[in-house]
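K.L.:
Here the protein sequences line up with chains A and B, keeping their order. Okay, so the first sequence: first residue is 42 according to the numbering used here, each after it adds one. Okay, so the second sequence: first residue is 42 according to the numbering used here, each after it adds one.
Keep in mind that the hints were calculated from the coordinates and are not lab data. You may find that some hints are simply not true.
Note that the list lumps identical chains together, so a pair holds whenever it fits in one copy or between two copies.
[What the hints assert, rightly or not] 20 Å max Cα-Cα, derived EDC-like pairs, lysine to aspartate or glutamate:
(1) Lys132 with Asp120
(2) Lys182 with Glu108
(3) Lys279 with Glu258
(4) Lys298 with Glu281
(5) Lys161 with Asp181
(6) Lys298 with Glu276
(7) Lys302 with Glu108
(8) Lys161 with Asp120
(9) Lys279 with Glu196
(10) Lys182 with Glu276
(11) Lys132 with Asp181
(12) Lys161 with Asp188
(13) Lys60 with Asp181
(14) Lys48 with Asp300
2 protein chains.
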Amino acid sequence: MVESNPKRQLVIIGGAEDKEGDSQILREFVRRAGGTKANIVIMTAATELPREVGENYIRVFERLGAENVRIIDTETRDDASSSTALQAIDKATGIFFTGGDQARITSILKDTEIDTAIHKRYGEGAVIAGTSAGAAVMPDKMIVEGDSQTNPRIETVEMGPGMGFLPGVVIDQHFSQRGRLGRLISALVLEPAVLGFGIDENTAMVVTDSQIEVIGEGAVTIVDESDATYNNAGEILKDEPLAICGAKLHILPHGFKFDLKTRQPILNNGSVANVSVGVS
Amino acid sequence: MVESNPKRQLVIIGGAEDKEGDSQILREFVRRAGGTKANIVIMTAATELPREVGENYIRVFERLGAENVRIIDTETRDDASSSTALQAIDKATGIFFTGGDQARITSILKDTEIDTAIHKRYGEGAVIAGTSAGAAVMPDKMIVEGDSQTNPRIETVEMGPGMGFLPGVVIDQHFSQRGRLGRLISALVLEPAVLGFGIDENTAMVVTDSQIEVIGEGAVTIVDESDATYNNAGEILKDEPLAICGAKLHILPHGFKFDLKTRQPILNNGSVANVSVGVS
């Protein structure tokens, strides 16, 4: 299964992805994991209902034709060195993190043998996917928890270490549905990171090396702080509101792409929306 | 009361402004209307509970020392040519539109004698204020209604004529609290307008001629589409998601200003955050 120059692939889902209908997003995950020959493990660390949540995904993946699907449930850090689990991950072509509480994923898995094994498979070309809490853990610094439906404030988000599959960015999920622009900007300014991604429900950003493609029903909202002329994070106290001036905003629905290196959106007809040069 | 070169003044409030405590925003309105000598009319066209809502504001304005406060209730377009009402508006130094349903304000008042009289007083220096629905009617094209907590879509907003005190922009209210980025962007792209303002609850943008100052608890989110490199509004069908690339985003809390002519934020220390030139 080891390719000479494997692509790094992530399917980062904003939560509430369709599981009953066409299942566009989960379909893309299974396809990238090898289709009917996919070897999928479902990581249920985030949820306190691992059987219920895990078996729900088994049903979808099997309906889509994946022949080998199994749950790896880890309730404690001891579970995260189980040889059965490690053997399963070693063969996996697709690794899927369910929703739940993102702090459970990192507190149980971070820096364990399973963590190492998953990163090894990621480097070898296995596709890593996560939804909701499973999306939150993708960066190296993640939003542990935070308030929705507020303007940006320092106290509104708690940041912590993520699983580090997509370093240097900030990700939030259930984005439009829970009104999380303020939370995303707070995380972006506090991190500090240059790019913040807000992923809507039933929507995913599919990462292939440095290129992102949006799929699904909603949009991915991208805040690029690289050209921002000002923020007041260094000047304010914890309960005071954040200010940001001159950030760049892209809202990209299905079919649109974004290049992580150039930080430019690519339209669904393939042309670049050049945002480095103003055209006003 | 007619000044030779009166300033045009608006206090545009995102709803749910404090009425019990310091009442910072309503205080600013009363101060600008002339303080204890203010002559205030409360326009209750938006609400089906004009007595209840109106008397609530009378209590606040009188507590803050305004000596002359009265309600002008208009339930029909006939009410909007009442000579008593017109006489009151003619003397008013502050005109306050309550919350409710913005479509009631325009359907009852638009292009009536009261409308003309209010615009006349606006040009003569009287301060016009509105909260929630009363904020929505400030532009020449307003958001009549729309969905919150969604990504931008054409079908998500219904636009209609506003009262035209601040033409050429789009305004939304209860912005962070109701997750209205998608709704604001939809209105901005469909209008089309260059500047969209999302005003949080208990927060106001105070407009003095072409300068805006933010006051209150939350922030004003400004989306400037003038440098945007792309949107797909001309290409999509009604139920398809909107895309936008390269819009500029400012989030400005209390004390920050914004110049409507240069479209530049002004920091709370008075310096300009120059957003025309990228500094990445």
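K.L.:
Does each hint hold? Answer for all of them.
P.N.:
Against the structure, the hints:
1. Lys132 with Asp120: For Lys132 and Asp120, the Cα distance is within 20 Å only inside one copy (18 Å; across copies 77 Å).
2. Lys182 with Glu108: neither (34 Å within a copy, 56 Å between copies)
3. Lys279 with Glu258: Classified as between; 14 Å across copies, 36 Å inside a copy.
4. Lys298 with Glu281: between (35 Å within a copy, 17 Å between copies)
5. Lys161 with Asp181: Intra 16 Å, inter 58 Å, cutoff 20 Å: intra-copy only.
6. Lys298 with Glu276: between (36 Å within a copy, 17 Å between copies)
7. Lys302 with Glu108: Intra 36 Å, inter 62 Å, cutoff 20 Å: neither.
8. Lys161 with Asp120: Cα proximity of Lys161 and Asp120: one copy only (19 Å, versus 75 Å across).
9. Lys279 with Glu196: within (6 Å within a copy, 39 Å between copies)
10. Lys182 with Glu276: Neither: 22 Å inside a chain and 38 Å across chains, both beyond 20 Å.
11. Lys132 with Asp181: neither (25 Å within a copy, 62 Å between copies)
12. Lys161 with Asp188: neither (34 Å within a copy, 44 Å between copies)
13. Lys60 with Asp181: Neither: 28 Å inside a chain and 44 Å across chains, both beyond 20 Å.
14. Lys48 with Asp300: within (15 Å within a copy, 47 Å between copies)
The structure fails hints 2, 7, 10, 11, 12, 13 (numbered hints given earlier, in ascending order).
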